[in-house]
Amino acid sequence: MKKILLSSTLCAALVYGAEVLPVEKRTFDQSKFIPDISLILDASYVDRSVKDDEAGHLELPGVAHGLLGSHSHGDSNHATYNANNGFNLNYAELVLSSSVDPFFTMDGVFHFSENGVEIEELFFTSNALGYGTRIKGGKFNSNFGYLNEQHHHTWDFADMPLVYEAFLGMHGINENGAQIQWTAPTPFYLMAGFEVLQGENEQMFGNETIGDVENPIAEGKDGPTLYVGYVKASYDIGNTTLLGGLSYAQGESRINHSADEENPHAFSGDAKLYGADFVVLHALDSYKSLKLQTEYLARELDGTQYALDSDANVIGSPAILKKQDGLYSQLIYTHDKNWRMGVRYDTILRNDIKTNGATVEQPSNLDKYTAMIEYHTSEFARFRVQYSRDNSMFNENGQREKIDTIIFQANISIGAHAAHSF
Amino acid sequence: MRQIGVDLKKLLTLLILLPLTLLAHLNIAVSYPYIGALTKTVGGEHITTTVLAKGNWDPHFIIPRPSLIAKVRNADALIMNGAQLEIGWLPPLINRAGNPKTSPNTPTFLNLSHHIELINKPSEVDRKDGDIHPDGNPHFHLNPENILILANVIKEFLISIDTPDRAIYEKNYADFSKIWKEKMVLWSQKMSDKKGLKVIQFHDNLAYFNKAYGLSNIGTIEPLPGIPPSSRHTIKTIELIQKEQPCCILHDVYHSTKTADFISQKTGIKVVLMPHDIESLENIDNLASLFDYLTSAIK
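If you're matching them up, the sequences are chains Y and Z in order. Heads up: the first sequence begins at 97 in the numbering used here, then just goes up one per residue. Heads up: the second sequence begins at 6 in the numbering used here, then just goes up one per residue.
These aren't lab readings, by the way, just hints derived from the structure by calculation. Treat the hints with caution; some may be incorrect.
[Claimed, not checked] Calculated lysine to any residue pairs in the SDA-like style (CA-CA distance at most 25 Å, straight line):
#1 Lys263/Z x Ala293/Z
#2 Lys128/Y x Ser128/Z
#3 Lys387/Y x Pro97/Z
#4 Lys133/Z x Lys235/Y
#5 Lys263/Z x Met437/Y
#6 Lys384/Y x Val276/Z
#7 Lys275/Z x Ser193/Z
#8 Lys235/Y x His248/Y
#9 Lys133/Z x Gly224/Z
#10 Lys59/Z x Phe518/Y
#11 Lys200/Z x Lys235/Y
#12 Lys235/Y x Ser193/Z
Using the sequences and the accompanying hints, generate a full structural model.
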């Protein structure tokens, strides 16, 4: 009895003690240093005209496969956004940011999903150098092109433009490295940037050794092996803003599909990526606007394609040269703080593949049409319905599969107020 | 030996002062037109101002155009309103500009809200109450008394970054202060019979204006800050108007007056457009004309 009495008084004292003492008076309290925190949920309900099992095996011939559904790579399971018919929890994005000291700020972006935690971005930035320069180090989204730097939840559609996803995968150029950007002292906006990156993009860039270390199929290169440069300029004409950019990325390329169950293969060589982007935003008033956004990407992959058998022995190693390009163009109308709607056109324009100098025929008319409408209950909650018709996917028998997809997407955020970049 | 020491001291002083003399013609970026006008008044010909936001648009939602990055990049100092009014658009501009002079907490950065006693500070901060400003209502420049306080703050700020021209800033401030005080008497006379009037607003933009002249805001057309009007709330507002008999709906210039016009039709009370900043309506091209307009708008 005594014990109970004593412990309950103790508990009461603890509870009241904690409540009574104001934050300012707690001797070693550090709660004022908590960084800005926000948590963003992205969930969807998907109705796709092909079955999940089938979707994971579809490919964009000569360009990429595994753009839809989920796949197993050895031990790890990898899922794209909106992978399954029915409900998907794409991720919970945790964002932390704060000043470090007078010289740096730090930002961390973490994706929690059913497949684990991914460090999307974790970088420090400094403005302290002056003269319009900004440096960044860590893991971050490259500022190549227009869309690449933006996070999934700020995109205007639930999925990535076809050409981006096909060339670079669903994370785009997201790398460990360093960046320097310089804004020119001009009356209009002019910015140039350069990035040195490790170069570990699954779809296009890489430097790993493929196969045995003793007797490799393709020998690796020590990083960094990817270099990105870009120039962007912007000009306002009344309430219309024009923004244009040219980007270039060059690096080693290793594409490792040696563990695939069917047709295991690997590629080793050099990769170049060219980008041109153009954005026009016309503001009709504080809330109403029209935005046209177009990006063109062209890539060149030059190297050796290794065909492998099921024991990862090389059964063929032709020289291969891929010259591919494509674009997307989208128009978004923002009606007010509640309603937005938009359409997007995606296409792969060029798909030239030469094996040992001989042209390999590839199907044409690889395109996709998408429309969406959004309702925002506030700045912090967005609900979207998106329909797309995708004519770019082929099944394992080389037959085109037209895919109709409806995605209901919910995007909800709590915590610190996000400020939007242009 | 001693002589050399003195010379060295002189040289050092010169070296320290040199960058300051180079600053003689200061380019000051400001977030809103009213800050630009005030800074120009106090700074006179010694400064140029670059205004980032347009006066006729919602100050909460400014498109962070890349051209604004260039403006921040080229500035020698930055003056902002603060109290989270710029939270949705200014931080990325400062981040991208790569200009240490416009970084928060540097001597060339001024947050005006730190020098004003804010009203309507919510006791509880929760987004279920809408997109509230946790530090209090940020539209403090619409009380003419605060304009005087802000002019003084800007004067001190300019002196701190450009001490050699202290006398000029002191004089400009004194001139402005004298004229402004005379105007304030006129505006008070004009508004004297409006004391106690009840008003409806779209968003509580005029909290400080209302407080200055004794108007009382009894409701807003938006159900909660930042949440667009709903039909249920509109019906409630109509009932409130019928019960409380406010004089009018004081409406900002950037939201659509659709709901206000509907309420006006149902209740018979007037919709009065109230500019919130310079350039928000035609002919409002300085601070005095802004208050001239505001104090004669309610008939």
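A quick look at each hint next to the structure:
With a C-alpha separation of about 30 Å, the suggested pair Lys263/Z and Ala293/Z falls outside the 25 Å cut-off, and the hint is violated. Using a Cα cut-off of 25 Å, the hinted pair Lys128/Y and Ser128/Z holds, with the two alpha carbons roughly 18 Å apart. Distance restraint check for Lys387/Y and Pro97/Z: the Cα-Cα separation of roughly 20 Å lies within the 25 Å cut-off, and the hinted pair is therefore satisfied. Distance check on the hinted pair: Lys133/Z and Lys235/Y sit about 35 Å apart at the alpha-carbon level, beyond 25 Å; violated.
At roughly 22 Å between alpha-carbon atoms, Lys263/Z and Met437/Y fall within 25 Å of each other, so this suggested pair holds. The suggested pairing of Lys384/Y with Val276/Z holds, with an alpha-carbon distance near 23 Å, which does not exceed 25 Å. Distance hint between Lys275/Z and Ser193/Z is fulfilled; the C-alpha atoms sit about 23 Å from each other, no more than 25 Å. For the given pair, Lys235/Y sits about 16 Å from His248/Y by alpha-carbon distance, which is consistent with the 25 Å threshold.
Of the pairs offered as hints, the one joining Lys133/Z and Gly224/Z holds, with about 18 Å between alpha carbons and a cut-off of 25 Å not exceeded. The hinted pair formed by Lys59/Z and Phe518/Y meets the criterion: a straight-line CA distance of about 17 Å does not exceed 25 Å. Of the supplied pair hints, the one linking Lys200/Z and Lys235/Y is violated, its CA atoms being roughly 59 Å apart against a limit of 25 Å. Distance check on the hinted pair: Lys235/Y and Ser193/Z sit about 59 Å apart at the alpha-carbon level, beyond 25 Å; violated.
Going down the numbered hints, you'll see the structure goes against 1, 4, 11 and 12, while the others check out.
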